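Given these sequences and hints, build the entire structure.
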Amino acid sequence: MNFIRPSVTAHFRRWREGYGVGVVVLLGAWLVLKGYLITSPIYIGVGALIMLVTLGILRTVTLRTRFGQDAKAPGLVEVKERQISYFGTMVGKSVSLDDVTKIELRESEAYSAIWVLHSIDADPMIVPISAKGSQMLFDAFASLPSVRLDDLVAAVNRSPIQRHVIWEKVKPSIRA
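This note's numbering applies: residue 1115 is where the sequence shown begins, and numbers increase by one.
By construction, these hints were calculated from the structure, which means they are not laboratory data.
Please read these numbers as outputs of a predicted model, since none were measured by experiment.
Glycine included, every Cβ here is placed at the ideal spot set by N, Cα and C.
One thing to keep in mind: the hints can contain errors.
As the list claims (entries may be wrong) - Restraint ranges, calculated between C-beta atoms of paired labels, are given here:
1) Tyr1150 to Pro1274: 49 to 55 Å
2) Gly1134 to Pro1274: 30 to 36 Å
3) Asn1271 to Asp1237: 26 to 32 Å
4) Ser1154 to Phe1126: 31 to 37 Å
5) Ile1152 to Thr1174: 28 to 34 Å
6) Arg1220 to Leu1263: 16 to 22 Å
7) Ile1152 to Ser1257: 39 to 45 Å
8) Arg1220 to Arg1130: 27 to 33 Å
Claimed, not checked - Straight-line C-alpha distance at most 27 Å; calculated DSS-like pairs for lysine-lysine:
9) Lys1246 to Lys1194
10) Lys1216 to Lys1285
11) Lys1194 to Lys1285
12) Lys1283 to Lys1216
13) Lys1207 to Lys1194
14) Lys1207 to Lys1246
15) Lys1186 to Lys1246
16) Lys1216 to Lys1246
17) Lys1186 to Lys1207
18) Lys1285 to Lys1207
19) Lys1283 to Lys1194
20) Lys1216 to Lys1186
21) Lys1216 to Lys1194
22) Lys1207 to Lys1283
Printed below as a string of structure tokens:
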């Protein structure tokens, strides 16, 4: 017999990384407090350092968790060595992050939304936002220059999802 509701279990399973980092932040706060009580600058410094580092990590973990969707759409997304691959039921495609020129988020009739990855010399790659493994796209997109992670997460969580350009490669200007 399970005494914990499935929705509560799912919530804690989804946010477990954030709760773990939160515990480390509290450990840093405890060290700072203990340092003030026994007047030890070493405790204060170590505790403050732990808090600063883990608060930065907590922000990234929170964004990554909010980005993730439940795997409902068919297909599998894989990210290996800056190569994004989507293996669908009827089609599969790969694109290198170095070749991506634009990333769009669009509404779709078949799925809740789709990622459209435009590349230099190929047709756009279409990936359902809720395909299995699509949460790995967060780290892939985060590695692109000048991508705004807050805008990325906000676009994914917006309802209804509208056509939105997430990132576009800046073309170098040629000066004579």
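| field | Pair hint lysine 1246 and lysine 1194, alpha-carbon separation not exceeding 27 Å | value | Within the cut-off at roughly 15 Å; holds.
| said: Hinted pair, alpha-carbon criterion (27 Å max): lysine 1207, lysine 1283. Please report holds or violated. | reply: holds, 21 Å
| task | Please work out if lysine 1283 and lysine 1216 have their alpha carbons no farther apart than 27 Å. | result | With a Cα-Cα distance of about 6 Å, the restraint between lysine 1283 and lysine 1216 holds, given a limit of 27 Å.
| query | Holds or violated: lysine 1216 with lysine 1194, Cα cutoff 27 Å? | reply | holds, 19 Å
| said: Next pair to validate is lysine 1216 with lysine 1285; report whether the Cα-Cα distance is within 27 Å. | reply: holds, 11 Å
| said: What's the verdict on lysine 1285 and lysine 1207, does the C-alpha distance respect the 27 Å limit or exceed it? | reply: Judged against 27 Å, a Cα distance of about 25 Å means the pair holds.
| message | Against the 27 Å threshold, does the CA-CA distance of lysine 1283 and lysine 1194 hold or violate the hint? | response | holds, 21 Å
| request: Below or equal to 27 Å on CA atoms is what counts here, so check lysine 1216 against lysine 1186. | output: OK: lysine 1216 and lysine 1186 at ~25 Å, within 27 Å.
| Does the Cβ pair tyrosine 1150, proline 1274 satisfy 49 to 55 Å? | Between tyrosine 1150 and proline 1274, where Cβ atoms are some 50 Å apart, the hint holds.
| request: Indicate whether the distance between the beta carbons of arginine 1220 and arginine 1130 respects the range 27 to 33 Å. | output: The hint (27 to 33 Å, Cβ to Cβ) holds, given that arginine 1220 and arginine 1130 are roughly 31 Å apart.
| task | Just tell me: holds or violated, for the beta carbon distance of glycine 1134 and proline 1274 against 30 to 36 Å? | result | Holds, since glycine 1134 and proline 1274 (Cβ atoms, about 33 Å apart) stay within the stated range.
| Can the suggested window of 26 to 32 Å be confirmed for the beta-carbon pair asparagine 1271 and aspartate 1237? | holds, 28 Å
Violated hints: none; the structure is consistent with every hint.
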